[in-house]
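Protein chains in written order, with my numbering: chain A, 1089 to 1496; chain B, 1089 to 1496; chain C, 1089 to 1496; chain D, 1089 to 1496.
Everything labelled a hint here was simulated from the structure, so no lab data went into it.
Source: prediction; values computed, not measured.
One should not assume that every hint holds.
Copies of the same chain look alike in the list, so a pair counts if it fits in one copy or across any two.
Said to hold, decoys possible - No farther apart than 30 angstroms at their CA atoms in a straight line, the calculated lysine-lysine pairs in the DSS-like style are these: (1) LYS1483 to LYS1093; (2) LYS1354 to LYS1093; (3) LYS1199 to LYS1312; (4) LYS1289 to LYS1462.
One-letter residues, chain by chain:
Protein chains: 4
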Amino acid sequence: MNKKKIINDPVYGFITIPTDLIFDLVEHRCFQRLRYIKQLGMTHLVYPGALHTRFHHALGALHLMGLAVETLRTKGVEVSAEEEEAVQIAILLHDIGHGPFSHALENTLVKGVSHEMISRLLMDRLNQEFNGKLEMAIEIFNDTYPRHFLHQLVSGQLDIDRLDYLNRDSFFTGVSEGVISFDRIIKMLNVRDDHIVVEEKGIYSVEKFLIARRLMYWQVYLHKTVVAAEMLLVKILERSRALALLGADLFATPALAHFLHKSVVKEAFLNEPNHLDAFISLDDTDILSAIKVWVNHSDFILSDLCARFIGRNLYRVEITNTPPPLDKAVEFKQLAIDKFGLIDEEEAGYYVFTDRIVNDAYKVGDENIRILFKNGEVQDITQSTDNLILVSLSKRVVKYILCVIKGL
Amino acid sequence: MNKKKIINDPVYGFITIPTDLIFDLVEHRCFQRLRYIKQLGMTHLVYPGALHTRFHHALGALHLMGLAVETLRTKGVEVSAEEEEAVQIAILLHDIGHGPFSHALENTLVKGVSHEMISRLLMDRLNQEFNGKLEMAIEIFNDTYPRHFLHQLVSGQLDIDRLDYLNRDSFFTGVSEGVISFDRIIKMLNVRDDHIVVEEKGIYSVEKFLIARRLMYWQVYLHKTVVAAEMLLVKILERSRALALLGADLFATPALAHFLHKSVVKEAFLNEPNHLDAFISLDDTDILSAIKVWVNHSDFILSDLCARFIGRNLYRVEITNTPPPLDKAVEFKQLAIDKFGLIDEEEAGYYVFTDRIVNDAYKVGDENIRILFKNGEVQDITQSTDNLILVSLSKRVVKYILCVIKGL
Amino acid sequence: MNKKKIINDPVYGFITIPTDLIFDLVEHRCFQRLRYIKQLGMTHLVYPGALHTRFHHALGALHLMGLAVETLRTKGVEVSAEEEEAVQIAILLHDIGHGPFSHALENTLVKGVSHEMISRLLMDRLNQEFNGKLEMAIEIFNDTYPRHFLHQLVSGQLDIDRLDYLNRDSFFTGVSEGVISFDRIIKMLNVRDDHIVVEEKGIYSVEKFLIARRLMYWQVYLHKTVVAAEMLLVKILERSRALALLGADLFATPALAHFLHKSVVKEAFLNEPNHLDAFISLDDTDILSAIKVWVNHSDFILSDLCARFIGRNLYRVEITNTPPPLDKAVEFKQLAIDKFGLIDEEEAGYYVFTDRIVNDAYKVGDENIRILFKNGEVQDITQSTDNLILVSLSKRVVKYILCVIKGL
Amino acid sequence: MNKKKIINDPVYGFITIPTDLIFDLVEHRCFQRLRYIKQLGMTHLVYPGALHTRFHHALGALHLMGLAVETLRTKGVEVSAEEEEAVQIAILLHDIGHGPFSHALENTLVKGVSHEMISRLLMDRLNQEFNGKLEMAIEIFNDTYPRHFLHQLVSGQLDIDRLDYLNRDSFFTGVSEGVISFDRIIKMLNVRDDHIVVEEKGIYSVEKFLIARRLMYWQVYLHKTVVAAEMLLVKILERSRALALLGADLFATPALAHFLHKSVVKEAFLNEPNHLDAFISLDDTDILSAIKVWVNHSDFILSDLCARFIGRNLYRVEITNTPPPLDKAVEFKQLAIDKFGLIDEEEAGYYVFTDRIVNDAYKVGDENIRILFKNGEVQDITQSTDNLILVSLSKRVVKYILCVIKGL
């Protein structure tokens, strides 16, 4: 069987599956499930094209990793065939632990278990199935492989993950502000002292990359309507779970029911394989099909929230630079209690709440992006350009949000 | 409330919602459900970007219709504001009756009821809700409005529907063979004798459009793997329905259960509103979430077909120009009976069957595409160009398929 | 004759000539000559696709102006048909006074006469020819028309000129860093107090626009090789002129000869029409065809510089943040004198010299970009966003260059 | 010096110069002159973006050749490093013999000498200069190298030359009808019996390629205005040459003067190197700058034709399927004689004449495009598809043109 498959990708034209092992990983059920998990959750409510999946993103990152290794080799950086396959597997599987709407639902379905942790669990499971062939990929992913720059390609401030998702998210949303010169940046990569560096000529492309990331945050990832929809999703799951733990009857696929009716804690998740089994059969359709049914549930709050979700009658989101005054939320909660006949402030918390959002375009000190100058010197990018833009970008932006259900 | 919404579309840049009524129709639940019905069903198995929805297509067609009306007006064709809104509504709603995977499941969930019929039912329902404001749109859709060319824009051999879907399907699959000059074609439209005509200068663009359509058929719409996946979907639904009618227990959302457990015939569908109610809460997630659960069903055939669907272990499809010899299918069926321990040929029919596919790039006599020459003459396009290409395109292509489950 | 011409443009798809008067202006010889004047001079040495002309840019700006007026009207800003045509003419002709390689040769061919001044002279001439029909366009261009926002569309910090050239220059160079959301920005325009404002939702697009402009400066407009080529062009013209004024024989078209053999000062240029007559028959081909011939000129310096130009054996350009030490240039000049057997420092000045380049991404106080907030407030953009990026952009960047001929 | 240059190309993103020898060839004056020879001559009069040069096309073809070799290697076709460089040089230099507007002026400046012949002369000259390093490239170009498929990549019915120019011409004209899936076609290439074949899956892409070529002919290459402009160019050069041979004084660069004042025949051109020397310093600017000057020439015909060229007051072109009746041209000639006071029919021939244009989308028997089927069989493409389109394409299209100066 020919495993050198070529896949059409509107973003890059064609993606080639480079090796038989990678082909088999792509075909694996654990990876195929990513076909049904959207990369950007409910963002399609605002940008109707944003339906691309974690499956597609992982393939795109695989493709770019191939280009990056090719470039490094032409610069004299030796990368063995085994390392090439390992770093490609590491990027292919870097997000395999994501669940449905994980941006929103992480910490809701399973408390205290991050998607990175689940990615690691799944990689270990796959490694066993494939007789240890993923060993090096896992070391690269965990940064225990001696050559650190390979890990940086998978996870860093200018990693292949970000190059693909910025590009892909821009493409499918149609928000051209996020378009980046991924090919130029990749062609400018090099390695010095076991760290990824960008050659001087690529400095403006990197600057542009950081800005693009910042703009995509405000225009897409933290768009008010997107935030409102995903917050509502969280509240719906919280409510359904509260009801389920009290023994209420709830339509759900078996996999979803598993997490609604049980409080799975981190330790259990790590030690009892049945939880992971249930997790990997979850995808967006389990959540969405349930919400449609819950519209008719007897619990007013659940049914009301679900009807709002379907009818896109979401929260009104206020974003401010300082925390909203405490009494503002309290007042709105009282309004909610009165209007919907709720019992207490806890119930009102489904309709009114505050939260915080954070945007680090570039984190100083956190595996800085390094520039390689023509004279051989290497410097952090914030010390390399002619003005304050990058200094600005390295300021963390914190915003506060107040969500109040519409019509209150 | 501002209803002049602007929507980002990676295909056209921006789409503007032109009127308040259209805004309200877009917001309506019946239309919003199209967000969860993919335009190309299971095509994403082959082209991972092909996740765009009927919602997005309908908005795109709305946009193009606006451009078409604008063009016609600059040529002196009078179109009143009311007609403009009506023809835009007609195109917006032309596909509203589609159910999930309707390319495959039409005639499976509800026998004898086409999506056009359901579109009409829904338009009538919306017309009542909106106090008769959709009257003219419905007349245009049904071709009972006096000005025939408006109907042709909605449904004809060179209609706005096709212009958008060819373009959009090309964009999201990444199959550049289907890219068409929609803007050039639209700019060349005119009206003569109440028929849409294309000005002479646009003749090559139309030729290209017809060829693009043909190529998209073979490369996308009738791609073997797509055909195999959709055929499997049909067989899964047929099997689940057969079991349900025998009283078996089957996981399903209430809406899906409605159609599995009842044999709704056309007459009932038209007369009893509860069937349409159930229908409009169906979308792709009902089907996909059920199939994942049915993998564990006690019926061997259902569980086996569903496992194959999930694992993309589909039919092997043979496409031939003449019908396959009868005994070939019979032999394969016997093989299936032996291998899977099936009871009879009927059961074997889930694993082995034949079908027919047809591709008319251009149908002579069926509202021909007319060319307007500089001298004022109007001719059918097949009589207008310098070679035989269009004659070739007007030959119906019929192919025969034999589907045999993989591994037989 | 049909003057509603449609022109293919790879950047925008199609450009429509909106009125008969504009059609006649486009057809006019003064405008048609822009077909042979490249927008980016010698930039094609670095970016081989950058061959687009001032003709193409002017048409593109015409197109965007149409979209801008359309948008403003939908927001309730009244623009009469006459004003629409006038502002479109103003943008169409805003660069009509450019000569060949004017970025480099302004002030070389004719001392003290800017291209804006020549644009004005030509508009006046055209206005006479067209019996005063350009009156309002000229007023808008000169900012003497009462409605100031129309002038801002033609010339401001976020004008239609910049929107087109950033977009077009990015497209033809292939430098994706410069791609901007021109359509989004235009859709966000509005008018308050007779000033163009950008609605709040467009703020990130404007930020991106300013950054794109900055990046295009460093990556394209001030690229070292481009600077070196254009500086060499200046030196070649200076040398040929010096020789011509001394009576040397020089191959040149009559129009070029006019400016080589005469010292036309500003006053003469404004008062004696024959200078303008000669000027408008100059284009890139006059310069380039002459340089090829001058390679064989008997003057060593001229022939050497021309050979270097043809062979792309240009200056080495050093860019620094502070002026280069004075003795550095002096030393290099001495080297040049010795190596090429030059007479004096003046002659060495053709081989070694210093200059200054300036980049204002955004000028505070100079017709600031104003943001219109949802609450109706209007603010300068630098006071409107959440971080220091725009503050950074409003710092003028000055760099110093030292040019030394290669091989010294 | 680093010769691994990377060049921005808006069509493919980036082009890498693969070897030092190729870098030196690109830098060579003979190749650099192609920077000033437009690929599509006067096509920019209709499509203003069509200013791309033979230089750019040759680099693009170099890039695609690299991809093609890479693909063939992954299929097990051995191509040595030396052969790879040779076939890349062959495609890089395949058009090096083109002169300015050679589509039009071939056979006008030098009678009986084709651009292929000049390409061969220049390759030989370069081979000498580079000490025989171009030997293999020349053999491939001349089809004397034992491995025939390498020649087919350079020159055949589906060669790299055509893949690049269709793509590039579409890109810069903005005529999307010509867009082809060059990457898909290249990925489908293979070799059987020393012939290039296309794998079965690529058949529709090839069909699309042939149609795209046909459409580009009618929409771009043989567009009436383009034909009119290039015919006028021919007539201008013919007239200026006739005057020059009679001893008239004519402004011209020395290189152009060389060919105006001498009748260089093929034999002389091949044997006396000074003709080739003059030829390689010719480019578009020699022609265009001269025409502007000739507007003021004392010969009425020359000055009139040049004024028409500048003012785009071109021929009216009638295209017909059968030759125009003889007396029609005669009548028009008489009109011209009367109107312009011409002496005889020969002079009238500058204003009125007939010609023939031919378009072979696909030539049967001329190195047919071969399809490789899954079962290993190889067939000519016209015998491989399901309908008559390719049969149609293999019919030669001949059209007849009658050119009559406008205003007659």
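So, going through the hints one by one against the coordinates:
no. : hint               : in the structure
1   : LYS1483 to LYS1093 : neither (44 angstroms within a copy, 34 angstroms between copies)
2   : LYS1354 to LYS1093 : neither (38 angstroms within a copy, 45 angstroms between copies)
3   : LYS1199 to LYS1312 : within (26 angstroms within a copy, 44 angstroms between copies)
4   : LYS1289 to LYS1462 : within (9 angstroms within a copy, 41 angstroms between copies)
Violated hints, in rising order: 1, 2; the structure is consistent with all others.
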